[in-house]
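*Asks:* My request is simple: use the sequences and hints to build the entire structure.
Top to bottom, those sequences are chains A and B.
According to the working numbering, the first sequence holds residues 107 to 416 in order.
According to the working numbering, the second sequence holds residues 147 to 266 in order.
These are computed hints drawn from the structure, not numbers from a lab.
Treat the hints loosely; a few may be bogus.
Claimed, not checked - As a list, the in silico DSS-like pairs of lysine-lysine whose alpha-carbon atoms are at most 27 Å apart:
no., chain 1, residue 1, chain 2, residue 2
1, B, 244, B, 229
2, B, 232, B, 244
3, B, 218, A, 178
4, A, 304, A, 273
5, B, 203, A, 152
6, A, 224, B, 173
7, B, 203, A, 151
8, B, 173, A, 115
9, B, 218, A, 224
10, B, 184, B, 203
11, B, 173, B, 184
As the structure is a prediction and not an experimental result, all values here were calculated from the model.
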Amino acid sequence: MAENKSIPKVLAIDDSELIHRLLEARLQGENLELHSATSSEEGLKKAKLLQPEVVLLDIGLEGMNGFELLTKLKEDNETQNIAVIFISATVEPMDRVRGLDMGAIDFITKPFDALELKARVRSALRTQYLVKMLEQRAQLDGLTGLWNRRYFDQRLEQEISEAKRHKRVLTLALCDVDRFKRLNDQFGHPFGDMVLEKVAQILSGGRTSDIVCRYGGEEFGLIFSSTNIERGREVTERLRVAIEEAAWPGNPDLVVTASFGVCDTECLDGDLTPEAMLKAADTALYKAKQNGRNCVKAAARVLKKKQDTI
Amino acid sequence: MNSNQLKPTKKTNPIFSDFSDDDSMGKIIQIFLNEIPKRIELIETSFHSGNKEQLCKIIHQLKGAGGGYGFKLITSNAMAFEKKIKQAADNWQQATTKALEEFVDILHRAYAGRADSGDT
Numbered sequence: 107m108a109e110n111k112s113i114p115k116v117l118a119i120d121d122s123e124l125i126h127r128l129l130e131a132r133l134q135g136e137n138l139e140l141h142s143a144t145s146s147e148e149g150l151k152k153a154k155l156l157q158p159e160v161v162l163l164d165i166g167l168e169g170m171n172g173f174e175l176l177t178k179l180k181e182d183n184e185t186q187n188i189a190v191i192f193i194s195a196t197v198e199p200m201d202r203v204r205g206l207d208m209g210a211i212d213f214i215t216k217p218f219d220a221l222e223l224k225a226r227v228r229s230a231l232r233t234q235y236l237v238k239m240l241e242q243r244a245q246l247d248g249l250t251g252l253w254n255r256r257y258f259d260q261r262l263e264q265e266i267s268e269a270k271r272h273k274r275v276l277t278l279a280l281c282d283v284d285r286f287k288r289l290n291d292q293f294g295h296p297f298g299d300m301v302l303e304k305v306a307q308i309l310s311g312g313r314t315s316d317i318v319c320r321y322g323g324e325e326f327g328l329i330f331s332s333t334n335i336e337r338g339r340e341v342t343e344r345l346r347v348a349i350e351e352a353a354w355p356g357n358p359d360l361v362v363t364a365s366f367g368v369c370d371t372e373c374l375d376g377d378l379t380p381e382a383m384l385k386a387a388d389t390a391l392y393k394a395k396q397n398g399r400n401c402v403k404a405a406a407r408v409l410k411k412k413q414d415t416i
Numbered sequence: 147m148n149s150n151q152l153k154p155t156k157k158t159n160p161i162f163s164d165f166s167d168d169d170s171m172g173k174i175i176q177i178f179l180n181e182i183p184k185r186i187e188l189i190e191t192s193f194h195s196g197n198k199e200q201l202c203k204i205i206h207q208l209k210g211a212g213g214g215y216g217f218k219l220i221t222s223n224a225m226a227f228e229k230k231i232k233q234a235a236d237n238w239q240q241a242t243t244k245a246l247e248e249f250v251d252i253l254h255r256a257y258a259g260r261a262d263s264g265d266t
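*Replies:* Here's what the structure looks like:
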């Protein structure tokens with residue numbers, strides 16, 4: 107998985123055009139994309155939309171002042187990790203203390219020195235980059251490079267929430283490598299690790315929008331956004347075949363297989379929750395195992411069943 | 147311009163930006179200077195109409211920006227003017243007339259120093 111190397115964004119929120127022009131001139135040539143907002147309301151909207159790494163925030167904004175806006179940014183999950191630097195003409199130490207205590211990471215006094223401004227923005231961007239990298243690494247599986255269980259749980263919850271809000275369908279698949287213990291026992295753990303790496307590589311070679319995670323042990327979770335169970339089944343069937351056809355160095359006759367259980371949001375009878383989706387996918391996976399392994403089994407569509415009975 | 151508007155108090159002695167030689171600043175300094183008459187008018191209108199809030203806002207903006215454009219005198223005078231307004235009570239206009247004159251004079255001097263002013 108590639109780390110995010112896109113140009114970092116900086117959002118300046120200040121009601122003075124004089125300051126925006128100055129920032130644009132002074133930050134020209136820096137490796138960043140500068141955006142501007144001239145009111146706190148516009149700033150809040152742009153912070154959510156652009157997800158900048160750093161916000162340069164004036165304290166003396168009309169309406170919602172800088173402190174109030176900082177509180178809003180810190181309260182919102184989407185914006186709470188943005189680094190905020192206060193940039194203000196105030197020289198009151200208590201304002202600085204208040205801002206830093208509220209979660210701002212730095213304070214620049216207007217009028218600012220160009221070199222100091224650049225250095226402080228660069229420092230904030232460096233810190234943000236490292237924080238994001240650590241966050242991302244903490245969510246990756248060390249062996250396969252896929253997202254780990256922690257990320258999977260968070261992401262499934264997010265995706266379900268989005269599916270509910272936008273009334274979109276969502277498919278979840280669980281994949282389990284067949285007879286993995288036997289492979290480990292017969293060929294050794296290093297070979298078992300190689301199998302997991304190869305399967306991970308095949309699973310992540312599907313559609314770019316699919317979210318592939320190592321769920322635990324030899325089990326993988328796949329989240330297919332805006333995808334119904336029929337399409338999810340087609341995708342997993344292709345992946346199943348690719349695993350079955352994979353070649354294993356040093357063991358040309360070996361065939362490794364995997365079983366899949368698939369469900370979508372319309373397979374659930376009660377509330378749409380991560381637990382309910384996982385249970386439905388796990389039940390389907392169990393059926394695939396019971397059915398002789400190396401196959402895809404899909405959960406039944408509850409709505410269809412209800413209509414059938416009418 | 148209205149009749150209350152202040153004129154430069156003495157023969158204008160231009161001041162220049164500390165960043166006149168900085169190519170990356172030339173264009174925006176020029177815009178800043180060209181906008182000075184509009185800002186003087188706003189300051190004077192706010193002052194004479196008693197619109198303290200509007201006056202404080204524009205002075206605060208110039209305090210924050212002046213030095214950034216290379217005019218430290220604009221920042222220091224704005225700071226002094228802002229402080230006097232905040233300290234003054236009900237008769238704030240009377241108490242700050244001198245500070246207003248000094249501040250507007252600094253703005254006129256900056257404007258006189260712009261590239262196309264004809265002053266040498």
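*Asks:* So, for every hint listed, does it hold in this structure?
*Replies:* We went through each hint and held it up to the structure:
1. B:244 - B:229: 13 Å, holds
2. B:232 - B:244: 15 Å, holds
3. B:218 - A:178: 34 Å, violated
4. A:304 - A:273: Violated - the C-alpha atoms of residue 273 of chain A and residue 304 of chain A are around 35 Å apart, more than 27 Å.
5. B:203 - A:152: With a Cα-Cα distance of about 24 Å, the restraint between residue 203 of chain B and residue 152 of chain A holds, given a limit of 27 Å.
6. A:224 - B:173: Cα-Cα ~20 Å, so holds.
7. B:203 - A:151: 24 Å, holds
8. B:173 - A:115: 24 Å, holds
9. B:218 - A:224: The given pair, whose Cα atoms are some 20 Å apart, holds under the 27 Å limit.
10. B:184 - B:203: Roughly 15 Å between the alpha carbons, so the hint for residue 184 of chain B and residue 203 of chain B holds.
11. B:173 - B:184: 18 Å, holds
In this structure, the hints that do not hold are numbers 3, 4, in rising order.
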